[in-house]
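Could you put together the complete structure from these sequences and hints?
Protein chains: 6
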Amino acid sequence: MKAFINEIKENDNIDSLFLVKEKYSGMTKTGNAYLKLKLADRSGEMEGRIWTSVEVFAESFEKDDFVHVIGKSVSFQEHLQLNINHIERVDEEKILYSDFFPTSEKNREEMFQSLVEISREIKNPHLNQLLQLFWEDPAFIERFKMAPASKWLHHNYLGGLLEHTLSLVQLVLKNATHYNGINLDLLLTASILHDVGKVDELSYHRSFDYSDEGRLIGHIILGIERVEDKIRQLPDFPKDLSTLLKHLLLSHHGQYIWGSPKKPMTLEAVMLHYFDDMDAKINGIQQFIKQRLPDGSRWSPYHRAFEQFFYIPNRSKKMELSENIDKNEFEEE
Amino acid sequence: MKAFINEIKENDNIDSLFLVKEKYSGMTKTGNAYLKLKLADRSGEMEGRIWTSVEVFAESFEKDDFVHVIGKSVSFQEHLQLNINHIERVDEEKILYSDFFPTSEKNREEMFQSLVEISREIKNPHLNQLLQLFWEDPAFIERFKMAPASKWLHHNYLGGLLEHTLSLVQLVLKNATHYNGINLDLLLTASILHDVGKVDELSYHRSFDYSDEGRLIGHIILGIERVEDKIRQLPDFPKDLSTLLKHLLLSHHGQYIWGSPKKPMTLEAVMLHYFDDMDAKINGIQQFIKQRLPDGSRWSPYHRAFEQFFYIPNRSKKMELSENIDKNEFEEE
Amino acid sequence: MKAFINEIKENDNIDSLFLVKEKYSGMTKTGNAYLKLKLADRSGEMEGRIWTSVEVFAESFEKDDFVHVIGKSVSFQEHLQLNINHIERVDEEKILYSDFFPTSEKNREEMFQSLVEISREIKNPHLNQLLQLFWEDPAFIERFKMAPASKWLHHNYLGGLLEHTLSLVQLVLKNATHYNGINLDLLLTASILHDVGKVDELSYHRSFDYSDEGRLIGHIILGIERVEDKIRQLPDFPKDLSTLLKHLLLSHHGQYIWGSPKKPMTLEAVMLHYFDDMDAKINGIQQFIKQRLPDGSRWSPYHRAFEQFFYIPNRSKKMELSENIDKNEFEEE
Amino acid sequence: MKAFINEIKENDNIDSLFLVKEKYSGMTKTGNAYLKLKLADRSGEMEGRIWTSVEVFAESFEKDDFVHVIGKSVSFQEHLQLNINHIERVDEEKILYSDFFPTSEKNREEMFQSLVEISREIKNPHLNQLLQLFWEDPAFIERFKMAPASKWLHHNYLGGLLEHTLSLVQLVLKNATHYNGINLDLLLTASILHDVGKVDELSYHRSFDYSDEGRLIGHIILGIERVEDKIRQLPDFPKDLSTLLKHLLLSHHGQYIWGSPKKPMTLEAVMLHYFDDMDAKINGIQQFIKQRLPDGSRWSPYHRAFEQFFYIPNRSKKMELSENIDKNEFEEE
Amino acid sequence: MKAFINEIKENDNIDSLFLVKEKYSGMTKTGNAYLKLKLADRSGEMEGRIWTSVEVFAESFEKDDFVHVIGKSVSFQEHLQLNINHIERVDEEKILYSDFFPTSEKNREEMFQSLVEISREIKNPHLNQLLQLFWEDPAFIERFKMAPASKWLHHNYLGGLLEHTLSLVQLVLKNATHYNGINLDLLLTASILHDVGKVDELSYHRSFDYSDEGRLIGHIILGIERVEDKIRQLPDFPKDLSTLLKHLLLSHHGQYIWGSPKKPMTLEAVMLHYFDDMDAKINGIQQFIKQRLPDGSRWSPYHRAFEQFFYIPNRSKKMELSENIDKNEFEEE
Amino acid sequence: MKAFINEIKENDNIDSLFLVKEKYSGMTKTGNAYLKLKLADRSGEMEGRIWTSVEVFAESFEKDDFVHVIGKSVSFQEHLQLNINHIERVDEEKILYSDFFPTSEKNREEMFQSLVEISREIKNPHLNQLLQLFWEDPAFIERFKMAPASKWLHHNYLGGLLEHTLSLVQLVLKNATHYNGINLDLLLTASILHDVGKVDELSYHRSFDYSDEGRLIGHIILGIERVEDKIRQLPDFPKDLSTLLKHLLLSHHGQYIWGSPKKPMTLEAVMLHYFDDMDAKINGIQQFIKQRLPDGSRWSPYHRAFEQFFYIPNRSKKMELSENIDKNEFEEE
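Residue numbers (numbering that gives the first Met the number 0), protein chains in the order written: chain X, 0 to 332; chain E, 0 to 332; chain V, 0 to 332; chain G, 0 to 332; chain H, 0 to 332; chain C, 0 to 332.
Each hint should be verified, as a subset may be incorrect.
Claimed, not checked - Below, computed lysine-lysine pairings styled on PhoX-like, alpha-carbon distance capped at 20 Å:
#1 K1(X) - K93(X)
#2 K262(G) - K280(V)
#3 K280(E) - K173(X)
#4 K262(H) - K280(C)
#5 K238(C) - K122(C)
#6 K280(X) - K173(E)
#7 K173(H) - K280(C)
#8 K173(V) - K280(G)
#9 K262(X) - K262(H)
#10 K262(E) - K280(X)
#11 K173(C) - K280(H)
#12 K37(E) - K71(E)
#13 K122(E) - K238(E)
#14 K229(X) - K229(H)
#15 K105(G) - K280(G)
These are calculated hints, taken from the structure and not from any lab test. None of these values were measured; they are calculated from a predicted model.
What follows is the structure in structure tokens.
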């Protein structure tokens with residue numbers, strides 16, 4: 000069973016998997032070689048030292064490997080560190096990614112099935128076929144289920160891209176009939192595909208960061224390319240429909256300054272932008288509060304990207320002044 | 000029955016009501032006095048002339064009066080004008096505002112009843128009572144049902160404020176359970192009240208314009224004052240709840256630059272801003288296209304406030320390329 | 000007599016009042032309980048330790064209390080700390096706020112009386128009465144005399160709000176006749192009241208910070224509400240005058256981007272904005288230089304809010320090159 | 000005596016001076032040559048025609064000349080025009096500029112003497128001498144007394160630069176002792192000299208426009224050059240003082256975006272900027288209202304440079320509700 | 000031979016080709032049908048009327064056709080119009096586009112050959128092959144030689160895209176060795192391809208305007224797609240090289256606000272942006288001056304997109320003051 | 000020979016020159032005086048201690064002196080420090096500035112001669128003479144050869160101003176004939192002089208920083224003054240030419256927001272701005288990468304002034320996939 004770093008106490012015997020984030024060779028004053036490691040899992044980081052069989056162990060794993068570690072935690076200069084007796088490389092297939100990275104609280108398989116089912120309801124045959132092509136692409140699906148939606152701003156966890164996409168699609172379904180004249184098939188398809196370029200933009204198998212082409216090209220254009228690749232397999236796909244779909248993807252950031260080379264020019268593009276932006280922002284605020292709210296405070300720290308503070312009202316107590324209030328009213332649903 | 004100006008043809012005998020927008024005295028070359036009027040209704044404007052009994056008629060009405068006119072349309076220098084035989088002032092109660100100003104296509108009384116019913120579902124007793132006080136204020140209700148939501152940007156017609164408010168409330172109802180932790184009662188109440196200051200900001204009994212206090216104070220603060228007036232009648236209204244409610248009203252424009260003195264700092268405030276902004280923008284685009292789309296064009300003129308063009312896809316024809324497409328797919332729902 | 004923290008030396012015997020900013024329980028290696036405190040006054044902060052009667056003392060005061068302390072300063076790891084023999088809570092009425100917080104160098108009572116006298120000269124009876132209502136409100140007066148004008152940007156000390164208000168009023172008096180067409184009564188009244196919302200926006204009894212309603216509503220709207228509360232007691236107060244007065248308060252920040260929901264639209268509003276902005280900025284620069292100028296430097300550090308450096312000319316020496324210069328010329332007046 | 004164009008009526012016999020703004024040769028259908036002129040004075044423009052002695056008159060004056068005209072006003076196609084019997088060029092020295100261009104309502108000679116007297120009070124000998132050099136430069140003085148302060152934004156009339164400069168100096172005198180640490184001599188000198196570059200930036204002998212070097216270099220740098228020219232004649236002028244003085248001139252627009260290559264970095268520079276900006280803005284608003292306020296309106300048209308409307312309260316009537324108000328209270332002083 | 004509209008005089012007999020920009024049917028007061036046309040060529044527009052054989056002619060051509068017209072110019076209400084005796088549709092292949100639209104002054108075929116030759120010098124085989132694929136695409140070449148570079152801002156004439164591309168490539172060649180570390184092959188290739196999307200973005204066979212996909216997708220992304228289409232035919236094309244090339248195309252506008260979804264992140268991308276921007280701006284200024292400089296003025300009108308005026312120095316006269324100046328010095332080379 | 004700080008190892012005997020950046024007196028626990036120094040050269044900083052003859056040595060040099068030091072490096076608390084046996088002040092003439100400050104890699108004398116030669120080719124006699132006056136001013140030349148072009152943004156090393164100026168001039172020479180209508184003499188002269196004010200703006204004899212007049216006036220205006228000083232010695236220098244030259248200097252930053260009080264209004268001014276901006280940016284990126292690129296990374300850290308990351312492609316390996324590629328293709332030239 001996984002021993003999580005933030006739960007390890009002094010003198011615990013440890014037998015668990017970790018990710019090696021750093022690996023250095025050292026020499027004690029008495030001239031003995033040792034290895035100094037930085038081990039990590041989703042709960043934190045911890046130093047590890049190997050004092051014995053150093054040469055053998057040094058050959059057997061590298062930085063960025065997952066490893067099986069047997070050892071004991073000891074206190075050194077007011078910090079815990081792990082004295083390692085045995086270490087060996089573990090194949091990636093044998094680990095649980097969610098032990099090592101923050102992960103969506105929702106079931107990724109269920110979320111994915113929901114998306115697939117919704118996409119089957121799309122009546123326009125071209126858009127329907129286009130989406131099927133994505134669902135028949137196992138390499139895409141694997142990445143699509145795993146990718147976060149952003150390095151840190153919102154849905155910054157494994158499965159975050161999928162969670163954000165499904166949330167957006169559900170918002171679209173709830174609101175699509177609110178206004179006349181909306182092409183629901185187009186809007187749904189664009190919602191499902193709006194961020195597919197993020198599977199290429201972000202790397203997330205060791206830490207969340209941007210790939211080279213992510214930084215140089217960006218998920219908007221990378222997404223357009225993935226969509227183009229599929230459309231090319233559909234010779235009857237109407238040119239106008241392709242142009243409209245690509246316009247929705249290109250313009251979904253809403254403004255030049257936010258990286259969209261076009262502003263939303265159709266009603267569907269306008270709606271897509273609002274729902275995408277709102278969903279990202281609300282999740283971003285929720286994550287920020289969850290991770291950064293000071294104890295006992297109702298005020299978040301300053302959020303640099305949003306350039307403001309956020310406030311968390313005390314719902315259960317302060318507002319309830321009379322007998323006949325439903326006690327659950329202010330609780331989270 | 001109302002004769003609408005844009006339907007009057009040469010030599011029509013006219014017996015109908017109009018609004019006097021301008022009134023000048025003139026003198027013919029032969030030294031006879033006459034009156035020159037600009038008459039208006041919701042369909043346009045037309046010149047009128049009074050050649051007989053000028054002195055008597057001149058006393059009987061003023062600029063900005065509604066008048067009953069009997070006369071005949073004649074052609075003069077390539078324009079139609081109305082030769083008036085009889086004219087008299089008509090009391091405002093006897094006219095139908097919707098004959099004279101653009102008016103919401105939806106039933107204002109029904110929209111208002113929907114709002115009242117929704118507000119009865121609010122469980123928090125303080126917020127529920129607050130809304131009831133508004134519904135018990137007939138002077139407010141009369142203005143609230145009549146006011147446009149803006150001079151020209153969106154919902155710029157009689158009943159527009161009510162239509163926008165109801166649309167926003169329905170969006171909130173559709174989406175409120177989408178995110179955890181939203182105080183629905185607070186969000187609904189703020190949605191209903193967010194623009195009540197517009198009943199004071201705009202004047203709309205002769206043309207749509209800003210009132211003096213509208214320009215000097217603005218609907219956000221005028222709305223806060225109306226809410227404060229009601230809260231003062233509810234001595235048990237919790238201070239915290241009042242602060243939160245006012246924060247939602249103050250911040251609903253989302254940015255300083257759009258006139259909000261505070262940015263949205265709670266989840267409810269963030270949601271209110273997005274839905275309000277989207278609803279105004281979509282209606283604004285729809286009105287702009289309806290009124291300004293050039294014949295045969297898919298491109299709107301340049302929209303100065305939004306700084307862009309808008310595109311109206313040809314849904315029924317261009318995209319349908321294969322037999323098995325549902326023909327109604329791209330039609331407006 | 001107050002022993003100020005920045006004047007305490009090693010081995011001083013201390014018998015003085017302090018503010019408890021932090022309070023923690025600890026345990027020595029030998030298993031004895033002790034208390035670790037952070038003590039503060041206006042001159043700085045200092046650590047304190049209680050080694051005896053720990054349980055009794057621990058019950059007798061809390062964080063944020065003012066306390067009477069008897070003890071001795073000792074050196075520990077290159078820092079002074081206070082070994083406390085006796086400590087007890089002191090009622091807030093018995094302390095001098097100016098011992099604990101930075102305080103205006105001017106006499107607050109005299110400044111307040113100057114304001115009251117100036118307000119008596121206002122001829123417009125409505126505005127005169129309005130101000131009298133503020134002067135008859137002891138709860139307001141107490142806060143108004145104590146509040147700083149800002150958390151840190153300018154007049155950031157007890158009495159700062161009063162000092163800034165009086166300075167602004169004096170500027171208005173000096174300049175009001177400079178331009179034709181200025182309504183002096185209106186401008187004076189607005190100057191006196193322009194920042195009254197700050198008594199609610201800021202909390203300053205333990206440290207300078209924003210209150211919840213300060214952050215959620217802001218001093219501009221909170222000030223409008225205080226003015227409205229008083230005007231409601233004056234049934235004959237003209238609506239137009241109230242609108243103009245509120246416009247001056249709302250627009251005194253001058254720009255949307257600085258938090259004013261309206262730009263100044265009357266000559267009085269324009270003047271109020273310029274004088275308020277100048278007075279805040281000059282005091283802000285003076286405070287910044289006073290607190291942050293590096294030794295021997297004529298250049299201030301970078302001021303983040305103003306986005307620039309400031310320069311302090313060497314007035315007495317460098318410029319004086321010839322005999323006949325009045326030696327006092329460049330001295331501060 | 001000057002016959003002003005806006006007072007000329009049909010069939011008046013005219014014998015007066017005008018400025019020739021345009022001059023064209025024409026040919027009647029019957030083959031006779033004539034001259035068509037646009038004549039102007041400060042009150043407006045009017046067409047003139049010369050039907051006789053055309054060749055002689057055509058040689059005797061040019062566009063942009065001042066001319067003495069004898070003729071008669073006649074009505075032609077609903078406009079008045081002047082049938083000219085005699086016309087001849089008049090030397091510029093013989094005309095009154097104020098007949099032809101808008102002119103300050105204040106006495107230019109008196110304003111100039113006030114400035115000279117104030118400058119004599121400056122105790123710093125270098126600054127005092129510097130100003131004297133300006134007052135001993137008759138070519139400068141002539142332009143300084145005549146120049147407007149801007150083409151159209153504020154003080155846009157002959158003598159406007161002088162009026163603005165004196166107003167600024169008086170504001171400085173009224174306020175200089177308000178803050179400690181202000182070098183009054185420096186601030187006064189900079190106030191007097193801050194806009195001297197405008198005598199070169201603007202051309203104003205035929206119409207108000209920018210000179211080539213005005214547009215290419217700008218009054219800020221042109222003013223620096225004029226000041227440098229004088230300082231070069233004062234070999235003992237301290238370098239530091241010169242740097243500070245130039246800094247005040249360079250930074251008086253306050254922001255890069257307003258054309259200052261440096262922001263104000265000393266207290267004197269900050270004050271100069273605020274008073275200069277306020278004086279320009281208030282005069283700009285007053286001129287705008289004077290020239291552009293629609294009849295019967297309290298609202299100015301939209302001011303493009305300031306991006307807003309302005310409001311002119313009805314002081315004498317609306318606000319006076321009770322007996323004991325001093326009737327002069329709201330009148331302009 | 001082409002009769003250009005701006006050279007047609009009253010009573011000229013016309014036998015020439017024109018473009019029909021508008022076509023309306025009318026009815027004279029006496030009940031006879033006629034056709035009213037707007038005819039155009041590169042020199043201007045002119046009205047035409049057909050009074051005879053109206054029904055026959057009406058069937059024989061449409062708006063936006065090129066037509067052969069025989070008729071006579073007559074004067075009507077102070078304007079010339081063409082009384083048409085004979086009109087017939089002409090196939091597009093038979094007309095000279097440069098008769099109808101502004102055209103580059105440079106030889107388009109020669110410019111194209113220069114580009115092709117330069118592209119042959121590229122040593123990197125992948126980039127060399129990529130460019131060859133473009134040169135083997137006749138449909139592309141035809142459009143590439145014809146397209147303007149913009150609707151109106153710069154190189155706004157037939158062949159403008161080609162002229163701008165060649166100019167940019169020559170700038171790159173002149174400067175590429177100026178800095179170390181520049182990949183010249185990559186930079187040249189990107190320069191040649193940077194605006195190829197404009198062949199799809201703009202429509203220019205009847206007037207210069209944006210195509211639907213031009214407005215909805217934009218030339219940057221359309222260019223990326225054209226490049227992708229070719230790269231797909233080169234299976235060995237390295238992924239990294241493709242990413243870098245696309246980055247240069249995507250970022251060549253330099254800033255988000257100018258429509259680039261990425262800022263230039265490599266030295267080549269930075270250089271491409273500067274040269275492209277400079278070339279567009281200088282041509283834009285030159286075109287603006289050529290078309291809009293007022294007679295006798297050295298100052299251009301205000302340029303709205305660049306937000307400034309431009310100045311054209313008088314090189315031959317004003318600056319030459321001494322004998323020994325080379326007289327050709329200030330002439331245009 | 001110079002011992003560079005970043006090459007000193009434990010127990011090295013040191014006999015070399017250093018710059019004293021800090022100098023403090025201390026007292027050991029046993030009551031002995033010592034001196035604690037911070038020594039510096041271009042490679043880094045190091046602590047030094049003087050334990051003997053403290054009083055004598057203390058008198059013999061000051062902070063900011065260059066000193067000759069004899070001593071030994073020892074390890075103290077994991078850092079190296081220098082135990083100094085002998086120290087004495089060294090005259091500035093005896094040191095090599097390039098040992099102490101980062102210095103251009105190019106030969107400063109050769110660069111300067113290149114500039115002088117280019118300036119001799121200028122045909123316009125006024126501009127030619129103006130430049131000669133600069134080359135005849137030894138005080139200017141000394142500073143011009145030494146000054147960096149900026150404190151840190153680009154060419155931030157001794158000789159950087161000269162290197163940047165020559166680079167700009169070479170760019171101008173390469174491109175000046177590319178466009179018609181460019182006055183090459185004017186553009187070259189302005190390129191040579193565009194940043195001469197930096198010899199006064201920056202101080203660089205002990206560290207790179209701004210001088211007082213650099214911050215208060217800025218290099219643009221300081222440069223104008225230096226040019227004015229020289230032009231005053233040339234009585235025949237044409238006024239128009241002077242205005243144009245000064246316009247190029249004033250506007251070379253291109254935008255108000257970048258500190259230019261005028262935008263470039265002539266073709267020469269536009270070109271100067273583009274080449275200056277590009278040269279500064281490319282050098283800035285190169286320096287940033289050279290100093291700050293993390294080991295093994297292709298991505299630079301975030302550049303705060305440019306607000307982005309930069310990417311360094313791996314030219315030699317990744318792109319080369321086929322045999323026939325010239326292996327030197329992607330190497331730096």
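Here is what the structure says about each hint:
| no. | hint | verdict |
| --- | --- | --- |
| 1 | K1(X) - K93(X) | holds (13 Å) |
| 2 | K262(G) - K280(V) | holds (13 Å) |
| 3 | K280(E) - K173(X) | holds (19 Å) |
| 4 | K262(H) - K280(C) | holds (13 Å) |
| 5 | K238(C) - K122(C) | holds (18 Å) |
| 6 | K280(X) - K173(E) | holds (19 Å) |
| 7 | K173(H) - K280(C) | holds (19 Å) |
| 8 | K173(V) - K280(G) | holds (19 Å) |
| 9 | K262(X) - K262(H) | holds (18 Å) |
| 10 | K262(E) - K280(X) | holds (13 Å) |
| 11 | K173(C) - K280(H) | holds (19 Å) |
| 12 | K37(E) - K71(E) | holds (15 Å) |
| 13 | K122(E) - K238(E) | holds (18 Å) |
| 14 | K229(X) - K229(H) | holds (17 Å) |
| 15 | K105(G) - K280(G) | holds (19 Å) |
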